[in-house]
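Given the sequences, and given the hints that come with them, work out the whole structure.
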Amino acid sequence: MSMNRNTVSKAKVAALAVAAILGAASVAMAAQPARQNRNAPAAPAPQAPNFDAVQIKVLPIRDNIYMLVGQGGNITLQVGDDGVLIVDTQFAPLSDKILTEIRKISKAPIRFIINTHGHGDHTGGNGNLSKAGASVAGGNMLGPLAVAAQGQGGAAPAGAVATILAHENVLTRMQESIGGQPPAPADSLPNVTYIGDWKDMFFNNESIRLFYEPNAHTDGDSMVYFRRSDVLSVGDIYNTNNYPVIDKARAGSIQGVLKALNHMLEITIPKDRQEGGTLVIPGHGRLSDEADLAEYRDMVTIIHDRIKDMVDRGLTLEQVKAAKPTIDYDPRYGSGNGPGSTDRFIEIVYNDLKAAK
Amino acid sequence: MRKPNRSAIAAALLLLASSSAMAEVDLSGVWNVRLHEDLPERIPGPDMAEFHGVPINEANRARGLAWDPSILTLEEYQCRPHPSDYFTRFSPERIWKEIDSETQQTKGIHIRKEWQAAERTIWMDGRERPPAYAVHSWQGFSLGKWEGDVLAVETTHLKQSYVRRNGLARSDIATTREHYIRHGDYLTIVAVIHDPAYLTESFIRSSDYALDNKRNIAPYPCDPVVEIVGQPKGYVPHYMPGKHPSEFEYADRYNLSHEAALGGAQTAYPEFMEKALAAKKR
Ligand SMILES: [Zn+2]
Chain A
1 MSMNRNTVSK AKVAALAVAA ILGAASVAMA AQPARQNRNA PAAPAPQAPN
51 FDAVQIKVLP IRDNIYMLVG QGGNITLQVG DDGVLIVDTQ FAPLSDKILT
101 EIRKISKAPI RFIINTHGHG DHTGGNGNLS KAGASVAGGN MLGPLAVAAQ
151 GQGGAAPAGA VATILAHENV LTRMQESIGG QPPAPADSLP NVTYIGDWKD
201 MFFNNESIRL FYEPNAHTDG DSMVYFRRSD VLSVGDIYNT NNYPVIDKAR
251 AGSIQGVLKA LNHMLEITIP KDRQEGGTLV IPGHGRLSDE ADLAEYRDMV
301 TIIHDRIKDM VDRGLTLEQV KAAKPTIDYD PRYGSGNGPG STDRFIEIVY
351 NDLKAAK
Chain B
1001 MRKPNRSAIA AALLLLASSS AMAEVDLSGV WNVRLHEDLP ERIPGPDMAE
1051 FHGVPINEAN RARGLAWDPS ILTLEEYQCR PHPSDYFTRF SPERIWKEID
1101 SETQQTKGIH IRKEWQAAER TIWMDGRERP PAYAVHSWQG FSLGKWEGDV
1151 LAVETTHLKQ SYVRRNGLAR SDIATTREHY IRHGDYLTIV AVIHDPAYLT
1201 ESFIRSSDYA LDNKRNIAPY PCDPVVEIVG QPKGYVPHYM PGKHPSEFEY
1251 ADRYNLSHEA ALGGAQTAYP EFMEKALAAK KR
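For the record, the sequence lines run as chains A and B. At position 2 of the first sequence the residue is numbered 2 (this note's numbering), and the sequence of numbers has no breaks. In this note's numbering, each residue's number is its place in the second sequence (first place is 1) plus 1000.
Just to be clear, a hint being listed does not mean it is correct.
Okay, derived cross-link-like pairs now, DSSO-like style, lysine-lysine, Cα gap no bigger than 27 Å in a straight line [unchecked claim]:
| id | chain 1 | residue 1 | chain 2 | residue 2 |
| --- | --- | --- | --- | --- |
| 1 | A | Lys271 | A | Lys321 |
| 2 | B | Lys1233 | A | Lys308 |
| 3 | A | Lys321 | A | Lys259 |
| 4 | A | Lys357 | B | Lys1243 |
| 5 | B | Lys1275 | B | Lys1214 |
| 6 | B | Lys1233 | A | Lys248 |
| 7 | B | Lys1233 | A | Lys354 |
| 8 | A | Lys271 | B | Lys1243 |
| 9 | A | Lys57 | A | Lys97 |
| 10 | A | Lys308 | A | Lys321 |
| 11 | A | Lys324 | B | Lys1243 |
| 12 | A | Lys308 | B | Lys1243 |
| 13 | A | Lys271 | B | Lys1107 |
| 14 | A | Lys321 | A | Lys248 |
| 15 | A | Lys259 | A | Lys354 |
| 16 | A | Lys131 | A | Lys248 |
| 17 | A | Lys308 | A | Lys271 |
| 18 | B | Lys1233 | A | Lys357 |
| 19 | A | Lys321 | B | Lys1243 |
| 20 | B | Lys1233 | A | Lys259 |
| 21 | A | Lys57 | A | Lys131 |
| 22 | A | Lys324 | A | Lys308 |
| 23 | B | Lys1233 | A | Lys271 |
| 24 | B | Lys1243 | A | Lys354 |
So these bits of chain B aren't anywhere near chain A, every CB distance computed over 10 Å [said to hold, decoys possible]:
| id | residue |
| --- | --- |
| 25 | Asp1038 |
| 26 | Ile1043 |
| 27 | Glu1058 |
| 28 | Pro1092 |
| 29 | Lys1145 |
| 30 | Asp1149 |
| 31 | Gln1160 |
| 32 | Arg1165 |
| 33 | Asn1166 |
| 34 | His1183 |
| 35 | Val1192 |
| 36 | Leu1211 |
| 37 | Glu1227 |
| 38 | Asn1255 |
| 39 | Glu1274 |
| 40 | Ala1276 |
Hint data in this document are derived by calculation from the structure and do not stem from the laboratory. We treat Cβ as the ideally placed atom computed from N, Cα and C, and that holds for glycine.
Pasting the structure below:
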């Protein structure tokens, strides 16, 4: 791997220690169950799901890239001679099941965990899975080279952990107590972070670029682009079953979501007839390509434009809700409650546009 | 006259029995579409806000009224083919079978459409459907089986598309059932669309084809270009609610009631005709 662009800051050791004391699973923005239509049961309020019943399913995507579906955010898995790289880690109680599936595909050590953002349904397994792996690092920061080299087969010696990489804001936010949720446990915190617009890596014979998408789903969103495999893992900026979930407590915004969706459309290239080519792994929901993204971008843009027009005309939030600006998309993306509910989405778009006036 | 050989008769009967038990009609060949049915909708194309006859819900009506045809100028839209459920209405097609060399059973039936070079496979080997979280496509994932002489096809994993070419949506959670019925040199395809998001009832359309093996299915390249210079980045053409430029132009031109033009399940039934024409009588 090379870190040939942008500042890389090492984890803040003091902060890690504080977080360790406070350690507890953060399940903020818990997984949203896939909804099929408005007749489907409404999503329950976020709560810890029954992990015993969860099965981890593996979808081979292309060459050495897989999508793992269980409970919580989709996991992207990239394997090769250099080791295993995973994007997001779902919930801690699922780590053994996830590891079992990874080991069916590769016995190589887990070297990298990349977090698309800091929510508990994407980072809960960070601690367990990083301990199951080992990074190659100098200066004993994360364990000596010899330790990492012994990590074959997943049984890394004590003290070795895989690199947990995320945008700097993810580390900051995961140490905060937000909305009554305790800070994330110390062992799940990123131990390598980046700032700037992007960060480049080279791993398993593949160029990988992390794109920072400011103030979208949160203020620490990264999209991970596997350039040779042509797979883009986008985290919760895009999901296929709900309106965008925008975390205001972590400085997400409708403007950021739209900007990021349009950025995704710039990166994706269809193979032919607007399908195939670049494949997109959403934070939640099904595997997608450019055409699916375009439909979603259109939906978000159209609702944004309608609410903006209403804000410009001086309508109150209640008047905006009464005008049903999402009516044509509700059967597909609407829901009654939860962080991605229709009402919450309208409120956030309204407030963001009002603030931008 | 010599008595027929009993074992020969038995063998012939057996052959007959085994071939008829399969009941597989060969659909192979080039089929040219016959457009006489619903011609105005199919060739000139539907008018704006011409929604009658489609069992749309309120949400789909709102989508149709927000639909600005300029959206087709966006790069992401230019080379889209019709989805399989709409494609039964258009374009000549070549049908051919893929035979498993070992078992000599039909593994799949392929269809190639001329327009936008769309290809689909109807799998006949009963394979497992992809999981819900797999990628969707314009033509979807289709499994077929023979029900007597009729090929019945069930399709899932469709991308979001349209039920009418004027903005009425068909969602990506819709499923379809098609029947392929061959009468000599004619083929009737009946497509039934079930969409829990945008249709209140199943939407059924039939289309006819005639065998035309002298016809060639031509290549159909497509390369998106910038069609409108200077569109702002991220621009999505659409009409604001209540701002459709010609919401009732179609209804008024043909003296139809506005209710009829705005569609819904009731407008698909014969007894609605009186209501539809009410405007004319007034
Ligand atoms: Zn999230």
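Okay, the hints, checked on the actual structure:
no. : hint                  : verdict
1   : Lys271/A - Lys321/A   : violated (40 Å)
2   : Lys1233/B - Lys308/A  : holds (17 Å)
3   : Lys321/A - Lys259/A   : holds (24 Å)
4   : Lys357/A - Lys1243/B  : holds (23 Å)
5   : Lys1275/B - Lys1214/B : violated (46 Å)
6   : Lys1233/B - Lys248/A  : holds (25 Å)
7   : Lys1233/B - Lys354/A  : holds (22 Å)
8   : Lys271/A - Lys1243/B  : violated (37 Å)
9   : Lys57/A - Lys97/A     : holds (10 Å)
10  : Lys308/A - Lys321/A   : holds (13 Å)
11  : Lys324/A - Lys1243/B  : holds (15 Å)
12  : Lys308/A - Lys1243/B  : holds (15 Å)
13  : Lys271/A - Lys1107/B  : holds (26 Å)
14  : Lys321/A - Lys248/A   : holds (19 Å)
15  : Lys259/A - Lys354/A   : holds (18 Å)
16  : Lys131/A - Lys248/A   : violated (32 Å)
17  : Lys308/A - Lys271/A   : violated (35 Å)
18  : Lys1233/B - Lys357/A  : holds (20 Å)
19  : Lys321/A - Lys1243/B  : holds (19 Å)
20  : Lys1233/B - Lys259/A  : holds (9 Å)
21  : Lys57/A - Lys131/A    : holds (22 Å)
22  : Lys324/A - Lys308/A   : holds (13 Å)
23  : Lys1233/B - Lys271/A  : holds (22 Å)
24  : Lys1243/B - Lys354/A  : holds (23 Å)
25  : Asp1038               : holds (25 Å)
26  : Ile1043               : holds (22 Å)
27  : Glu1058               : violated (7 Å)
28  : Pro1092               : holds (18 Å)
29  : Lys1145               : holds (25 Å)
30  : Asp1149               : holds (33 Å)
31  : Gln1160               : violated (5 Å)
32  : Arg1165               : holds (16 Å)
33  : Asn1166               : holds (14 Å)
34  : His1183               : holds (32 Å)
35  : Val1192               : holds (18 Å)
36  : Leu1211               : holds (27 Å)
37  : Glu1227               : holds (15 Å)
38  : Asn1255               : holds (28 Å)
39  : Glu1274               : holds (30 Å)
40  : Ala1276               : holds (24 Å)
Checked against the numbered hints listed earlier, the structure breaks hints 1, 5, 8, 16, 17, 27, 31; every other hint is satisfied.
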